[in-house]
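Asker: The residues making up each chain are set out below.
2 protein chains.
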Amino acid sequence: MPNKNQITERFKHIQDTICNGLEQLDGLAKFHEDKWNREDGGGGITRILQEGNLIEKGGVNFSAVHGTLPDVIKNAFVVNETNFFATGVSIVLHPHSPLVPIIHMNIRYFELSKQTWWFGGGIDLTPHYVNERKAKEFHVDLKTICDRHHQDFYSKHKAWADDYFFIKHRNETRGIGGVFFDRLNEQNTPLNKEQLFNYVCDLGENFVDIYAKQTEFRNQPFSEEQKMWQHLRRGRYVEFNLIYDKGTKFGLDTSGRIESILMSLPKDASWHYNYQPQPNTEEAKTLSLLKKGVGWVF
Amino acid sequence: MPNKNQITERFKHIQDTICNGLEQLDGLAKFHEDKWNREDGGGGITRILQEGNLIEKGGVNFSAVHGTLPDVIKNAFVVNETNFFATGVSIVLHPHSPLVPIIHMNIRYFELSKQTWWFGGGIDLTPHYVNERKAKEFHVDLKTICDRHHQDFYSKHKAWADDYFFIKHRNETRGIGGVFFDRLNEQNTPLNKEQLFNYVCDLGENFVDIYAKQTEFRNQPFSEEQKMWQHLRRGRYVEFNLIYDKGTKFGLDTSGRIESILMSLPKDASWHYNYQPQPNTEEAKTLSLLKKGVGWVF
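Chains as they are written, first to last, in this note's numbering: chain A, 1 to 298; chain B, 1 to 298.
Treat the hints loosely; a few may be bogus.
Identical copies carry no separate label here, and so any pair may be met within one copy or between two of them.
To be verified - Straight-line C-alpha distance at most 25 Å; calculated DSS-like pairs for lysine-lysine:
#  : residue 1 : residue 2
1  : Lys168    : Lys249
2  : Lys35     : Lys168
3  : Lys227    : Lys267
4  : Lys291    : Lys213
5  : Lys12     : Lys30
6  : Lys292    : Lys12
7  : Lys74     : Lys246
8  : Lys249    : Lys291
9  : Lys4      : Lys249
10 : Lys249    : Lys74
11 : Lys193    : Lys246
12 : Lys168    : Lys4
13 : Lys4      : Lys136
14 : Lys74     : Lys30
15 : Lys168    : Lys246
16 : Lys267    : Lys168
17 : Lys4      : Lys35
18 : Lys156    : Lys292
I should point out that these hints are in silico values taken from the structure, not numbers from a laboratory.
Generate the whole structure from the sequences, applying the supplied hints.
Answerer: Dropping the structure here:
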């Protein structure tokens, strides 16, 4: 069974693979790297891509941190252990074009003791404009990966993503979802540790290919109005990340490196008071599809 | 002693006074008004000013809501009462010019029973560029008002503002502070209900005059770089409001009208990865002054 060092090394390697793939996909920008240490134990490698051909601002974060579990997290996790180890890879990419979606991926491993550990993660897509053909393609790609590991994973983890990536105060999903899961272990899944590890690595190793297909419209022209709409949608992304996202909260609660945690925020975002798209527009159609339970693959 | 209806009416009147004053100060924009009802009891009047001469986006919100106290708030307040009544006026103004500060004001009255009630509120200033002469002037203005009600109020409520308007994860204050207070009543202050009511009304009624003085540089030219810095500082404002602000949290927890709660967010905000101003610039000087405990009036 993989131990925490092996998981850490493989995650680090996945960060490398993804960064190489994204530089090729972008064609212009190179990642800027910051290595950092966490005062209470561990550290990470933050890689940032800014002002590329495709990507306006994005980050691929690796971290492996350990130490004493803050009380606020102990209570949230409902565990008794005092020490923790956590490693993971986190990605958020904000493209220049409003016709290309925002994407997020995270894979993580958490260990409180030799017996108490779990995997978590997910990939979700936030199109500024929902294109139903592309949304279906994205979900089919995820289902293909999930099906290699367990026949129930796609349906379960797709529903989990609908619930998780939900902006409650707006009554809308962040985007078209994807897959999300947390605290997967040998007790609550039919898979063993190695099999679960393979599942999260499979997601990580296919991330660039999945996103590449979603950048189909990267060279299409777009209007000022579409750019404005993109900034408004990014405003919603900011709301989700600062109010609801557990990874952000975990980072803030464990005094993580703030610029690495908040690399998920877009370069520019906007809020207009009570903005409502006109009926029968692409913007209105997008809003109407930002809801739970859409069966994209069927 | 003032009862909740009298307090509500006076607060509503303060909203009118402020809106009239701000329209005059702006010289161009007129408030757009939305009246709204809260499903579980009460409602409000939201007034929004957009694309004025001075103000890019701002709101003056009045609300008077009542109903059953959600458990999450009951626990936060450490009270046993089940019903609540709350009325208040909230303001956030984002000016066009980076040389004019953002301002926030709130006055509120909260009642759980005839015996259990309190006043809260405050005014704080967030200059994109801290000008020490103007900062002193702002604090002297607040001290002058506070001193009319109790000799300790300015020093206590200034320190309270330093603690409250603090962006912990950035280790910086939101701006140059001002005054902040919560749960003031006859038990924890030497003032009676009427005197406390007069204090919060005095703040509300002097708000426009205080802000007008802070718009001294409204007609000065500014550069693209200063506009970019303004957007970065607005990003911090968004972080504070979505992560820490208790009024925002209270609104979300009580299912308030979301567009009224989030009217505090700026039209445009930005995040650049790990942005650091050059040494010996106005931007660096501003950052160095965003800390607790600056004795602005002395």
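Asker: Compare the structure with each hint and give your call.
Answerer: Against the structure, the hints come out as follows:
| no. | hint | in the structure |
| --- | --- | --- |
| 1 | Lys168 <-> Lys249 | both (17 Å within a copy, 13 Å between copies) |
| 2 | Lys35 <-> Lys168 | between (35 Å within a copy, 23 Å between copies) |
| 3 | Lys227 <-> Lys267 | both (13 Å within a copy, 14 Å between copies) |
| 4 | Lys291 <-> Lys213 | within (23 Å within a copy, 47 Å between copies) |
| 5 | Lys12 <-> Lys30 | within (18 Å within a copy, 55 Å between copies) |
| 6 | Lys292 <-> Lys12 | neither (33 Å within a copy, 40 Å between copies) |
| 7 | Lys74 <-> Lys246 | both (14 Å within a copy, 24 Å between copies) |
| 8 | Lys249 <-> Lys291 | both (24 Å within a copy, 24 Å between copies) |
| 9 | Lys4 <-> Lys249 | within (23 Å within a copy, 38 Å between copies) |
| 10 | Lys249 <-> Lys74 | both (13 Å within a copy, 23 Å between copies) |
| 11 | Lys193 <-> Lys246 | within (23 Å within a copy, 42 Å between copies) |
| 12 | Lys168 <-> Lys4 | neither (35 Å within a copy, 32 Å between copies) |
| 13 | Lys4 <-> Lys136 | neither (35 Å within a copy, 55 Å between copies) |
| 14 | Lys74 <-> Lys30 | neither (39 Å within a copy, 51 Å between copies) |
| 15 | Lys168 <-> Lys246 | both (14 Å within a copy, 18 Å between copies) |
| 16 | Lys267 <-> Lys168 | both (24 Å within a copy, 22 Å between copies) |
| 17 | Lys4 <-> Lys35 | within (20 Å within a copy, 57 Å between copies) |
| 18 | Lys156 <-> Lys292 | within (13 Å within a copy, 48 Å between copies) |
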